[in-house]
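A.B. asks: If you want the building blocks of each chain, they are given just below.
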Amino acid sequence: MASGSIDQDNRMNPSPRGPSVLRFAAPQNFYPLAGRLAPWFAVTAAVLTLIGLWLAFFVAPVDATQGNVYRVIFIHVPAAWMSMFIYLVMAFWSAVGLVMNTRLSFVMSQALAPTGAMFCFVALWTGALWGRPTWGAYWVWDARLTSQLLLLFLYFGFIALTRAIEDPRRGDRAGAIIALVGAVNVPVIYFSVKWWNTLHQGASVSLTKAPSMASTMLMGMLVLAFASWAYTLAVTLWRVRPMILERERHTEWVGAVLDREGGRK
Amino acid sequence: MLSTFFAVLRRDLLLAWRGRADVMVTLAFFVIVVCLFPFGVGAEPNLLRAIAPGVLWVAALLACLLSLHRLFAQDYADGTLEQLLLSSEPAVLWVLAKILAFWLTTGLPVVVVAPGLGLLLDLEQGALPVLVLSLALGTPILALLGAVGAALTLGVRGGGMLLALLILPLFVPVLIFGAGAVEAEASGTGALAHLLLLGGGLAGALALAPIACAASLRISTE
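Chains B and G supply the protein sequences, listed in that same order.
Number 280 marks the last residue of the first sequence (our numbering); no jumps.
Number 224 marks the last residue of the second sequence (our numbering); no jumps.
The set of hints was computed from the structure by calculation and includes no laboratory data.
Take the hints with a grain of salt, since some may be wrong.
Unchecked claim - Partner residues aside, some chain B positions facing chain G, computed with beta carbon under 8 angstroms: (1) V77; (2) L165; (3) F168; (4) L169; (5) L176; (6) I192; (7) V196; (8) V208; (9) K209; (10) W211.
As the list claims (entries may be wrong) - Cβ-to-Cβ under 10 angstroms is the rule here; a few derived chain G residues that face chain B: (11) R72; (12) V150; (13) A153; (14) L164; (15) L170; (16) L198; (17) G201; (18) L204.
Virtual Cβ for every residue (Gly too), placed ideally from N, Cα, C.
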């Protein structure tokens with residue numbers, strides 16, 4: 016027992032004695048936890064979205080130069096943040112999965128990918144709608160737009176690769192490698208494209224200098240950013256659950272869960 | 003250790019030599035794609051001169067992409083790859099040898115032919131050496147990055163399209179600096195910065211890609 020890893024320990028023993036947080040690295044412990052947490056995150060997301068949209072449409076002042084058009088920023092910026100952040104989280108779980116050989120990490124990174132791609136697309140879409148009235152074109156080949164587009168392709172590549180490989184073990188690892196290769200390349204892509212062409216306005220929010228926008232605007236954006244976080248967590252946890260069941264379908268605990276949840280109906 | 007490297011290199015080059023037609027097809031593809039552009043955009047010399055670096059680079063990139071499946075597919079099918087992975091030699095070493103052989107048989111011919119095609123597109127003669135140099139530095143990066151994708155998609159259904167989706171976004175920086183070098187030289191601003199960045203990219207890819215590629219091969223064959 017002393018030499019067995021925590022993961023190993025959990026698999027054999029339904030009530031493990033390992034450190035309390037690592038306990039949830041075992042699918043049968045994480046499955047009910049995800050089910051319990053997801054509704055809370057969903058409610059949080061809904062409440063924060065309502066507050067954020069109220070701030071965005073009723074409290075935040077009209078922009079001096081852009082009029083009401085600028086209000087797309089409240090969706091655009093959180094979506095762009097999330098799309099980049101989710102890719103990093105995906106790469107993190109991929110690395111954890113490859114190094115620690117934990118099955119749940121791969122499931123996490125694959126459950127995150129569709130949400131990341133969705134936010135990436137939303138950022139591009141709202142960006143196009145914003146660009147038309149302010150720059151006079153739906154699309155310009157500017158550094159940030161272009162690297163966002165390439166990020167969307169990276170998401171598509173990851174999703175396509177993990178779905179195309181039938182053997183889940185191989186699919187997990189192949190996806191993890193491409194996620195890591197992509198993560199190494201994201202800064203390279205970003206700076207190369209930036210050097211290639213830049214027209215996009217400078218970053219609107221920065222930690223080092225005073226924000227260049229009204230504090231209510233910033234407030235609305237941050238609230239919506241937190242709403243996106245909560246939404247991502249809720250959706251990912253919901254997506255993780257059936258994936259866990261599918262992968263662990265040969266185990267006893269999944270049989271017990273299916274009996275219980277099937278009997279409830 | 004180096005003897006493994008040279009043995010694999012020699013074997014792959016010999017195999018490529020025995021199947022010369024495959025190599026020629028890649029080269030013919032490169033030439034034909036470049037020659038299609040004047041039909042598409044018109045034979046206006048100024049226009050052709052302006053798009054020449056981009057056209058040559060995109061064609062080189064596609065030629066590399068379409069030949070990548072040859073890198074491991076045959077060895078995967080006949081079991082050579084498994085034997086190589088089972089051997090006690092470090093995988094990074096023979097992977098690098100295979101990538102080098104691949105580049106010598108697909109990248110190098112493209113580098114050699116490119117200046118002639120540059121003349122077809124009315125590219126300035128002064129920019130031709132930069133074109134050759136940028137391709138000589140850039141196509142090995144394409145081969146190295148592409149090898150990771152080729153290893154991951156081994157034996158996967160729809161592998162060819164998937165490979166394109168996986169690695170084309172990663173090729174973008176190479177394309178930017180490669181074509182940018184030629185454009186910068188043609189417009190008189192000097193190509194040194196672009197070429198140095200390409201060289202840096204090559205050094206980075208040379209250090210990291212074989213490791214990722216070896217890991218990918220292990221995953222694909224287990």
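A.B. asks: Against chain B, run the beta carbon of L198 of chain G and see if the smallest gap drops under 10 angstroms.
C.D. replies: Violated - the Cβ of L198 of chain G stays beyond 10 angstroms from chain B, reaching only about 13 angstroms at its closest.
A.B. asks: With 8 angstroms as the cut and Cβ atoms as the points, is V77 of chain B at the interface with chain G?
C.D. replies: 38 angstroms, violated
A.B. asks: Holds or violated: is there a CB of chain G closer than 8 angstroms to the CB of L165 of chain B?
C.D. replies: 5 angstroms, holds
A.B. asks: Have a go at the L164 of chain G hint: is there a Cβ in chain B nearer than 10 angstroms to its own Cβ?
C.D. replies: Nearest chain B Cβ about 6 angstroms off; hint holds.
A.B. asks: Against chain G, run the beta carbon of L176 of chain B and see if the smallest gap drops under 8 angstroms.
C.D. replies: This interface hint holds because 6 angstroms falls under the 8 angstroms limit.
A.B. asks: Let me know if the C-beta of R72 of chain G comes in closer than 10 angstroms to any C-beta of chain B, holds or violated.
C.D. replies: Violated, about 20 angstroms.
A.B. asks: Quick check on F168 of chain B please, does its C-beta sit within 8 angstroms of some C-beta on chain G?
C.D. replies: 4 angstroms, holds
A.B. asks: Going by Cβ atoms only, is L169 of chain B closer than 8 angstroms to chain G?
C.D. replies: OK, holds: L169 of chain B within 8 angstroms of chain G, min 5 angstroms.
A.B. asks: Checking hints one by one. Is V150 of chain G an interface residue toward chain B, by the C-beta closer than 10 angstroms rule?
C.D. replies: Result: holds, 6 angstroms to nearest chain B Cβ.
A.B. asks: Have a go at the G201 of chain G hint: is there a Cβ in chain B nearer than 10 angstroms to its own Cβ?
C.D. replies: This interface hint is violated because 14 angstroms lies over the 10 angstroms limit.
A.B. asks: Does the nearest C-beta of chain G fall within a distance shorter than 8 angstroms of the C-beta of K209 of chain B?
C.D. replies: Violated. Min distance 10 angstroms.
A.B. asks: Quick check on L204 of chain G please, does its C-beta sit within 10 angstroms of some C-beta on chain B?
C.D. replies: 13 angstroms, violated
The structure does not agree with the numbered hints 1, 9, 11, 16, 17 and 18 stated previously, though it agrees with the rest.
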